[in-house]
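Engineer: Just so you know, the sequences run in chain order A and B.
First residue of the first sequence: -13, per my numbering; consecutive thereafter.
First residue of the second sequence: 175, per my numbering; consecutive thereafter.
Hints listed in this document are in silico derivations from the structure and should not be mistaken for laboratory results.
All values derive from a computational prediction rather than experimental measurement.
For every residue, glycine included, the Cβ atom is placed at its ideal position computed from N, Cα and C.
Hints may contain errors.
[Claimed, not checked] A short, non-exhaustive set of chain A residues, derived as facing chain B with CB atoms under 10 Å:
{"#": "1", "residue": "Ala192"}
{"#": "2", "residue": "Leu197"}
{"#": "3", "residue": "Val236"}
{"#": "4", "residue": "Ala237"}
{"#": "5", "residue": "Arg240"}
{"#": "6", "residue": "Gln241"}
{"#": "7", "residue": "Glu291"}
{"#": "8", "residue": "Asp331"}
{"#": "9", "residue": "Ala339"}
{"#": "10", "residue": "Ala355"}
{"#": "11", "residue": "His453"}
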Amino acid sequence: MTDLTRLTAAETAAAVAGGTASALDVTEAHLARIREVDGAVHAFLHVDADGARDAARRVDAQRSAGEALGPLGGVPIALKDVLATEGVPTTCGSRILEGWRPPYDATVVARLRAAGVVALGKTNMDEFAMGSSTEHSAYGPTHNPWDLDRIPGGSGGGSAAAVAAFEAPLAVGTDTGGSIRQPAAVTGTVGVKPTYGGVSRYGLVALASSLDQAGPCSRTVLDAALLHATIAGHDPRDSTSIDSTVPDVVAAARQHDVTGMRVGVVRQLGGEGYQPGVEQRFRESVDLLSSLGAEVVEVDCPHFEYALPAYYLILPSECSSNLARFDAMRYGLRVGDDGSGSAEDVMSITRAAGFGAEAKRRIMLGTYALSSGYYDAYYGQAQKVRTLVVRDFDAAFAQADVLVSPTTPTTAFRIGERIDDPMAMYLADLCTIPSNLAGNASMSLPVGLAPEDGLPVGLQVMAPPMHDDRLYRLGGTLEAALADRWGHLLIDEAPDLTTSTTPSAEAAQ
Amino acid sequence: MPDERSDPASDRTDDGAPAITRDEVAHLARLARLALEPDELDRFGGQLDAIVSAISRIGDLDTADVPPTSHALPLTNVTRPDRVRPGLTQAQALSGAPAAEDGRFRVPRILGDEA
């Protein structure tokens, strides 16, 4: 029998619907894979084996009863631990929420359950989604399946690593400044940040409300599209949810034709600070798109260089306000409640004990940027820069249907390399932040290994708001052309983790 | 304290003194309800100063005629029909509470020592 963990989500759904594998078989295969490799990868914070088996049995019962299954019926999924899951621990990678079991499901989770998608568990992340390496998790870092000494990206490193390590064919991530796309790039997987408002934020623990967006992580573009179509669409419980038809991303992923598509290369996202192998693979992919019939043009986005500093004022400002809800009163950790201190004392002691260093830095940075006297120069100015970034996109999208760039300037860096240098860490999101500020749609897909270190490189595609289908049209075409050239998908070159020892074990020998 | 300053650019003096001093970190920590340890004040002071120095260059842009963008979508006043919908039960609402008593959240005393 074929290894069920090697199937794509589309193939898995077909196998379950066609009766060649039961949903329970598929789930058991993935639970076994998790037991086998997750000690080394640490993609999961919580594995809900019983819940997964129950969900799989329900799908099998539906099929036995002759009910039609959805396009992802019986397919396992890993959920970033920022999504509220009823009765299942939800920590956001933070001590302050250790052991919290939400009394409700996020809309994304509810839609997945209704579609017969089987939730395997919750994935590791930088605390409250603040970071680009998963090292800011209170529960220890996730390791990159391509090289266990390296970071899997962040904040959604757990979701990307779970998919890259064949622990799940699909995962849900969230992307505030690149937390789906940058992990996808450094793990050789596909990650999509849908248009802001395209996927409901209800039940997503908020980091920066005007930037947060949930989206798919997968090993193929079509799988991402199938997941996108399942979780997207209007939700009356999210007042920023877009009330219009979701673009047909699945048809776009199957189109495999970019003839006449205008592809804009952003001049400002390249050059100094970019790894040569990243630029090389990016340039080769652009040439390939051109040979496939796309019209490649260069576009200027002169204010993109100010996107990162603006983001690091807007995000901390919104985050300092959002994280004020962790007050030790209604849920989560409470420390120092010995009867001697006031509620405010207990609150301050709890927050100091429950938040990690990066959360504290950003909360204080936001408090600073919002202080009277500083507000206009920092937060106010950042909001104006946000307008300039949006205008750059508007001008660029007048010349091109989509924009492309490397997803992140370098391949996966080593664990520990940037942990004490916040600004160096922030630079990992240099290319991904502009799309969050403008709220448009953006994807990262794997385009090869950098020659100098043999690690995956991602290409970013950006499309105007509510034109998410263009990402999938370009992504599906490029993926197929590269697979044609290589004879397989890039992820098939990832190390087989069952035969390699962990780096620490090697060092100990 | 920040409230008395109006021009952040003037914070950085010519002799390279930091924009965010240790005292200012302590003040921010108090505002943010973070009971930081002394060594944290030292470490965060240097790091926050480096971050603020790096991001201050957004001040270089002339934005006099640029309106601010607070949100990516031009949505305003989203409303829904005023109908009763199921909510959490009392037990569900209290299920994650660090302390509960008589069906309510139990909290430490609200007033400080000076009250």
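Engineer: Look at each hint and say if it fits the structure.
Structural biologist: To see whether the hints hold, each was checked on the structure:
1. Ala192: violated, 14 Å
2. Leu197: holds, 8 Å
3. Val236: It is violated, given that the least Cβ distance between valine 236/A and chain B is near 24 Å, above 10 Å.
4. Ala237: Hint on alanine 237/A: violated, closest Cβ of chain B at ~25 Å, above 10 Å.
5. Arg240: Because about 29 Å separates arginine 240/A from the closest Cβ in chain B, which is outside the 10 Å limit, the hint is violated.
6. Gln241: This interface hint is violated because 27 Å lies over the 10 Å limit.
7. Glu291: holds, 9 Å
8. Asp331: holds, 7 Å
9. Ala339: Alanine 339/A check passes; min Cβ-Cβ to chain B is 8 Å, inside 10 Å.
10. Ala355: Cβ of alanine 355/A sits 9 Å from chain B, so the hint holds.
11. His453: Nearest chain B Cβ about 14 Å off; hint violated.
Checked against the numbered hints given earlier, the structure breaks hints 1, 3, 4, 5, 6 and 11 and satisfies all the rest.
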